[in-house]
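Asks: The residues making up each chain are set out below.
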Amino acid sequence: MAGGMGMGMGTVTGMVTTMTEPTDMPLADPALHRLLAWLSPAFPVGAFTWSHGLEAAVEAGLVHDRDSLMDWVGWIVAQGSGRLDADCLRESHRAVAARDWAALRESAEEAAAQRATAEMALEASAQGAAFLRAITDGWPAEGIAKARAVLTDAGLDVAYPVAVGLAAACHGLPLRPVLAGYLHALGANLISAGVRLIPLGQTAGQQAQAALVPVFIQATEAALVRPWSDRGSAAPMVDWTSMAHETQYTRLFRS
Amino acid sequence: MSPDGARTDAAIRRQTAVGRLGLVLRGDGPVTRLVDLDQAAPLRALFPHPVPGEPLTACVANTGGGLVAGDRLSVSVTVVEGARAMVMAQAAEKVYRSGTGDAAEVSVSLTAGAESWLEWLPRETIVFDRARLRRETVLNLDPTAHVLAGEIVVLGRRAHGETLTRGLIRDTWAVRISGRLVWADALHLEGDLARAGQAPAGFAGAEALATLIARLPGQEAALTDAVRTRLETHDRVRAGCTTVNGLMICRILAPATVAALGAFADVWTLLRQAGGGHAASLPRLWSI
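Just so you know, the sequences run in chain order E and V. So in the numbering used here, the last spot in the first sequence is 1741, and the numbers never skip. So in the numbering used here, the last spot in the second sequence is 398, and the numbers never skip.
One should not assume that every hint holds.
Partial list, computed: chain E residues near chain V (C-beta under 7 Å) [what the hints assert, rightly or not]:
(1) F1534
(2) R1552
(3) I1562
(4) R1591
(5) E1595
(6) Q1600
(7) L1608
(8) G1658
(9) P1713
(10) A1720
(11) P1722
(12) M1723
(13) V1724
Have a look at the derived ranges for each label pair, beta carbon to beta carbon [stated by the list, open to error]:
(14) V141/V x V1711/E: 26 to 34 Å
(15) V141/V x A1546/E: 43 to 51 Å
(16) E246/V x D1586/E: 22 to 30 Å
Because the hints were derived from the structure by calculation, they are not lab data. Note that CB positions come from ideal geometry on N, CA and C, so glycine has one too.
Taking the hints into account, I'd like the entire structure generated from these sequences.
Replies: This is the structure we're talking about:
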């Protein structure tokens, strides 16, 4: 599998340390159902309208078949915005679980500012706002209103990974499955975009998604032990495609 | 052993350096004056002869001949009360192989006050195999300040047969306007750098990545279009431009560093002329 495994290897060696938080708990049934619902393509955040620059990558011929799609998407999840989103989700989840509102503000401020392009900024803030609306109205829990108020008072846009981390912490969902679900959903959404854009058959799309599961797992494990001071990404080509997308002539997607 | 290899080992043996450079520049009518200079080797500032009509220019020199593990350099530039200054690197910076696993750390803090003009003009930072670099650039801007800033990272010199296999390259930005964080960026490559260098969504074989950040209040939209048009004339680079929260961000990826430098200089001169009314050229020192 050629997907973006290599870069993460060096960062997982600390995994033997004992977790001080309940990341490993099996999901109780209600928790599993929440996670499946929130990260499903049917959840009303409009995920299907964003391609994260993939539309321009296809236009430029950088992504043109199943294997090149897998490689592109795997790198985004492990080393691109998936890496950074995982850092922001993790920090906001921990902050809200501890009811540490200053830490929530810090992670939310960073997540809102860490946007390489105008379209990526909109992609993160539009989905974050839609996610929090849907959670507030449909899946209430203690703490959500307070967390939202903290961020609104600070004048912050809530990036999508912060919204997911915040809601998951309020509902008591443990971090590991939330990170795994978030990264899987990110990858699956981009594969779905690729299937429409290249175009590919549904079978090829599912083959790519299945083959990327080890990348999703690896990215999850790396994120659980990565220090906040190492947050970031290594996908300048994705930034370039997102900039190119702003002026692309024919566009199906908003990013 | 190649000359560069010998240089690397010599560099590793020397003591680590803790260098510091602080500049404060103040506007006095049409004149900009240096009001404070604080420097500690291996960093020092050089002041070329002023060019009439151009911003006061300071050159930052690292007399230590490159960076090794454990080095810590910090640069602080403050322009206040309408000062107009360009602070430029004197030469390309080399980051040598880390023998200890420690990183070389570089911290840059740029502060621009009301109605000021500040250019932070880099040369390329050349990262050698197994080097470890952590660099942060922090900008604190008044809403009326005009600023151009950049960094250029070179992933090994291909022409010298150098490619990166492992190491750490961490290069971060934080831009605050009136204290509010409007943009942040963190490039973080660690572990298998060969894979990152080749990955289609990573560097896709690029030798150099140049980043240019411009804060030119009220002019972003028009200048973004002008920059895009200019970049289309550079066919040996992949380059783009966007505007986020009132900042223009330009990225240039190129398989050859010289092509990245050419496009970078072209955009920089366009912006210093259109955005600041300065000459559409760079100091002669920069192009040596």
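Asks: Decide, hint by hint, whether the structure agrees.
Replies: Evaluation of the provided hints:
no. : hint                         : in the structure
1   : F1534                        : violated, 21 Å
2   : R1552                        : violated, 14 Å
3   : I1562                        : holds, 6 Å
4   : R1591                        : violated, 11 Å
5   : E1595                        : holds, 5 Å
6   : Q1600                        : holds, 5 Å
7   : L1608                        : violated, 10 Å
8   : G1658                        : violated, 30 Å
9   : P1713                        : violated, 11 Å
10  : A1720                        : holds, 5 Å
11  : P1722                        : holds, 5 Å
12  : M1723                        : holds, 5 Å
13  : V1724                        : holds, 5 Å
14  : V141/V x V1711/E: 26 to 34 Å : violated, 54 Å
15  : V141/V x A1546/E: 43 to 51 Å : holds, 49 Å
16  : E246/V x D1586/E: 22 to 30 Å : holds, 24 Å
Hint compliance for this structure: hints 1, 2, 4, 7, 8, 9, 14 are broken, all remaining hints hold.
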